[in-house]
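There are 2 protein chains.
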Amino acid sequence: MIWKFENVITMQNRITELLKIKYPIIQGGMVWCSGWELASAVSNNGGLGLLGAGSMHPDVLKEHIIKTKAATNNPFGVNVPLLYPDIEQIMDIIISEKVPIVFTSAGNPKTWTQTLHNNGITVVHVIANTKFALKCVEAGVDAIVAEGFEAGGHNGREETTTMCLIPQIRNSVTIPLIAAGGIASGSAMAAAFALGADGVQIGSLFASSLESSAHINFKNLILAAAEGDTKLSLKKLSPTRLLNNEFYQKVLELELNGATPDKFRELLGKGRAKKGMFLGDTDEGELEIGQVSAMINKIKPVTEIFNDLISGYNKAIRTMPASL
Amino acid sequence: MIWKFENVITMQNRITELLKIKYPIIQGGMVWCSGWELASAVSNNGGLGLLGAGSMHPDVLKEHIIKTKAATNNPFGVNVPLLYPDIEQIMDIIISEKVPIVFTSAGNPKTWTQTLHNNGITVVHVIANTKFALKCVEAGVDAIVAEGFEAGGHNGREETTTMCLIPQIRNSVTIPLIAAGGIASGSAMAAAFALGADGVQIGSLFASSLESSAHINFKNLILAAAEGDTKLSLKKLSPTRLLNNEFYQKVLELELNGATPDKFRELLGKGRAKKGMFLGDTDEGELEIGQVSAMINKIKPVTEIFNDLISGYNKAIRTMPASL
Numbered sequence: 001m002i003w004k005f006e007n008v009i010t011m012q013n014r015i016t017e018l019l020k021i022k023y024p025i026i027q028g029g030m031v032w033c034s035g036w037e038l039a040s041a042v043s044n045n046g047g048l049g050l051l052g053a054g055s056m057h058p059d060v061l062k063e064h065i066i067k068t069k070a071a072t073n074n075p076f077g078v079n080v081p082l083l084y085p086d087i088e089q090i091m092d093i094i095i096s097e098k099v100p101i102v103f104t105s106a107g108n109p110k111t112w113t114q115t116l117h118n119n120g121i122t123v124v125h126v127i128a129n130t131k132f133a134l135k136c137v138e139a140g141v142d143a144i145v146a147e148g149f150e151a152g153g154h155n156g157r158e159e160t161t162t163m164c165l166i167p168q169i170r171n172s173v174t175i176p177l178i179a180a181g182g183i184a185s186g187s188a189m190a191a192a193f194a195l196g197a198d199g200v201q202i203g204s205l206f207a208s209s210l211e212s213s214a215h216i217n218f219k220n221l222i223l224a225a226a227e228g229d230t231k232l233s234l235k236k237l238s239p240t241r242l243l244n245n246e247f248y249q250k251v252l253e254l255e256l257n258g259a260t261p262d263k264f265r266e267l268l269g270k271g272r273a274k275k276g277m278f279l280g281d282t283d284e285g286e287l288e289i290g291q292v293s294a295m296i297n298k299i300k301p302v303t304e305i306f307n308d309l310i311s312g313y314n315k316a317i318r319t320m321p322a323s324l
Numbered sequence: 001m002i003w004k005f006e007n008v009i010t011m012q013n014r015i016t017e018l019l020k021i022k023y024p025i026i027q028g029g030m031v032w033c034s035g036w037e038l039a040s041a042v043s044n045n046g047g048l049g050l051l052g053a054g055s056m057h058p059d060v061l062k063e064h065i066i067k068t069k070a071a072t073n074n075p076f077g078v079n080v081p082l083l084y085p086d087i088e089q090i091m092d093i094i095i096s097e098k099v100p101i102v103f104t105s106a107g108n109p110k111t112w113t114q115t116l117h118n119n120g121i122t123v124v125h126v127i128a129n130t131k132f133a134l135k136c137v138e139a140g141v142d143a144i145v146a147e148g149f150e151a152g153g154h155n156g157r158e159e160t161t162t163m164c165l166i167p168q169i170r171n172s173v174t175i176p177l178i179a180a181g182g183i184a185s186g187s188a189m190a191a192a193f194a195l196g197a198d199g200v201q202i203g204s205l206f207a208s209s210l211e212s213s214a215h216i217n218f219k220n221l222i223l224a225a226a227e228g229d230t231k232l233s234l235k236k237l238s239p240t241r242l243l244n245n246e247f248y249q250k251v252l253e254l255e256l257n258g259a260t261p262d263k264f265r266e267l268l269g270k271g272r273a274k275k276g277m278f279l280g281d282t283d284e285g286e287l288e289i290g291q292v293s294a295m296i297n298k299i300k301p302v303t304e305i306f307n308d309l310i311s312g313y314n315k316a317i318r319t320m321p322a323s324l
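Chains as they are written, first to last, in our numbering: chain A, 1 to 324; chain B, 1 to 324.
Be aware that one or more of the hints could be misleading.
A pair holds if it fits inside one copy or across any two, identical chains being indistinguishable in the list.
Unchecked claim - Below, a list of computed lysine-lysine pairs in the DSBU-like style, where the Cα atoms sit at most 30 angstroms apart:
no.: 1; residue 1: Lys135; residue 2: Lys263
no.: 2; residue 1: Lys131; residue 2: Lys62
no.: 3; residue 1: Lys315; residue 2: Lys62
no.: 4; residue 1: Lys270; residue 2: Lys98
no.: 5; residue 1: Lys131; residue 2: Lys300
no.: 6; residue 1: Lys69; residue 2: Lys231
no.: 7; residue 1: Lys135; residue 2: Lys315
no.: 8; residue 1: Lys62; residue 2: Lys270
no.: 9; residue 1: Lys62; residue 2: Lys263
no.: 10; residue 1: Lys300; residue 2: Lys263
no.: 11; residue 1: Lys131; residue 2: Lys315
no.: 12; residue 1: Lys110; residue 2: Lys315
no.: 13; residue 1: Lys110; residue 2: Lys236
no.: 14; residue 1: Lys274; residue 2: Lys315
no.: 15; residue 1: Lys236; residue 2: Lys20
no.: 16; residue 1: Lys69; residue 2: Lys250
no.: 17; residue 1: Lys250; residue 2: Lys135
no.: 18; residue 1: Lys131; residue 2: Lys298
no.: 19; residue 1: Lys69; residue 2: Lys235
no.: 20; residue 1: Lys298; residue 2: Lys110
no.: 21; residue 1: Lys67; residue 2: Lys98
no.: 22; residue 1: Lys315; residue 2: Lys98
Since the hints were made in silico from the structure, they are not lab data.
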């Protein structure tokens, strides 16, 4: 599974070495957007593609793993929310299919890290505060993703932004650190490295890509999103960044009126995220996307996204004052 | 008023040239923290010190301007919230005292820019979204400060974080751009430059400095602040980032119960910010500070802050991948 771009000199750091990738760019394993087409395209371009197990039944995940392996010889991974109901079955599939890398989130990093390590799998855990970063170190994970307030979907209660979170986590732990939240350009990638990250995880930009499995109606709303069009919502249940639509307006009304958690649960019901993001009902569906969607204006193939990120990074570095 | 550090080679850019300063570091003109001692210390260290007119009666401001001029030969400025009741009188004092630079905020940049320019004064306006950035260009201001969600005190309704806001504003306008919100270290400064800023405005870190006029009780709470201890609050009036204390808990209770704007106004009353930040009643006072307070752990003199920022910037630049 070790893989190299031959005859190309590239930067190497702790993240590219750990994950055996060319660029320190990870595609977030997002619900309803991250199937085998997106993950394999990202891995084929030298980043790390992740399948989003959070929206897949175990048999669907297995199919996507098999298709990803057929579509790329490069490393890829699976993102697994640890609160997933079929978690044992999911982990069995990941182990038996020899997936090389697992990103875990939404749960205790201690629960699965040892089992995955025993099977030769690299483990990365997603956190949003120092307390959980330290738990990750205790659990022996190989790297962490620190995700800021501006990120789409589920998010930390502290509301710490990427700008504040990354230096804080960098000061607290020494393991490799991947920054997430608000990164959709080479200049934001450069900012993440300045803050102390060793790599970046990018969600919204890949959700909007040609290879994303998001419904075209959802992609079109990502392109249309302007400043202020996403808000961290549902704080009485689990803070989630939503894109403004009819469903969001109903959430907002409950929030402004101080509704109880039960009222939110009742409104939310079941299957809202699938309805909006995968089936394209952009009025009644729940649309999870990051604040940086305001800067995304075109559906691009993954190859173009990589070219833009890399040239943008190199340009940003060249225009920064070399010293003060 | 043109001033130079002799025999020292330093970087120069559009912000250092516009404001005639050594380092592209501006101290935010904060209410109750930014008197002549802080502003002159910052200017003497090669940054731009700003007096915070938002918490000064006109005669108090005049006294602080005179004291600042006595304490430094370097450029300094005044931050003026344009909704200030005595705005005409404030501007008369600024003009007659020949203050070289004015930062305006909380109002329309068209109202005063021409008058200030006619008197040879450089004008910088503070914004939190693209719409107002474009208004600033129309009004002919010399530079803008773009302030992200993580900043302390009054804040934009869009909740756009510094990581998302700076590239967005950089793509929309060509005038010099100063980043604010979440910046209290050299690495965050480097991140701001990577995002496209020409300079940084730093608030919380200077509010906690030895020379700040904030009450010691407030400074001690800034040092004690942990992740999640500040929240953007009072959204039904004007979004304001507050530090968690007894008063904040009362605000939070109203928010969770969906209280009307009148209930918030009633709770707020008059003089809460002075009570907390200047008089040191940290239970009943309103404490405005940025999210980055979680990283501030020591009261430092301004000279030490400058040394740390500059060495931190230079270190951050050296540790970033030079290209991808």
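To see whether the hints hold, each was checked on the structure:
| no. | hint | in the structure |
| --- | --- | --- |
| 1 | Lys135 - Lys263 | neither (33 angstroms within a copy, 41 angstroms between copies) |
| 2 | Lys131 - Lys62 | neither (33 angstroms within a copy, 47 angstroms between copies) |
| 3 | Lys315 - Lys62 | neither (40 angstroms within a copy, 45 angstroms between copies) |
| 4 | Lys270 - Lys98 | neither (32 angstroms within a copy, 64 angstroms between copies) |
| 5 | Lys131 - Lys300 | between (37 angstroms within a copy, 27 angstroms between copies) |
| 6 | Lys69 - Lys231 | neither (37 angstroms within a copy, 45 angstroms between copies) |
| 7 | Lys135 - Lys315 | between (37 angstroms within a copy, 28 angstroms between copies) |
| 8 | Lys62 - Lys270 | within (24 angstroms within a copy, 62 angstroms between copies) |
| 9 | Lys62 - Lys263 | neither (36 angstroms within a copy, 55 angstroms between copies) |
| 10 | Lys300 - Lys263 | neither (39 angstroms within a copy, 48 angstroms between copies) |
| 11 | Lys131 - Lys315 | between (35 angstroms within a copy, 26 angstroms between copies) |
| 12 | Lys110 - Lys315 | neither (40 angstroms within a copy, 34 angstroms between copies) |
| 13 | Lys110 - Lys236 | within (27 angstroms within a copy, 41 angstroms between copies) |
| 14 | Lys274 - Lys315 | neither (38 angstroms within a copy, 45 angstroms between copies) |
| 15 | Lys236 - Lys20 | neither (40 angstroms within a copy, 49 angstroms between copies) |
| 16 | Lys69 - Lys250 | neither (42 angstroms within a copy, 55 angstroms between copies) |
| 17 | Lys250 - Lys135 | neither (37 angstroms within a copy, 32 angstroms between copies) |
| 18 | Lys131 - Lys298 | between (38 angstroms within a copy, 21 angstroms between copies) |
| 19 | Lys69 - Lys235 | neither (38 angstroms within a copy, 49 angstroms between copies) |
| 20 | Lys298 - Lys110 | neither (40 angstroms within a copy, 34 angstroms between copies) |
| 21 | Lys67 - Lys98 | within (13 angstroms within a copy, 71 angstroms between copies) |
| 22 | Lys315 - Lys98 | neither (38 angstroms within a copy, 40 angstroms between copies) |
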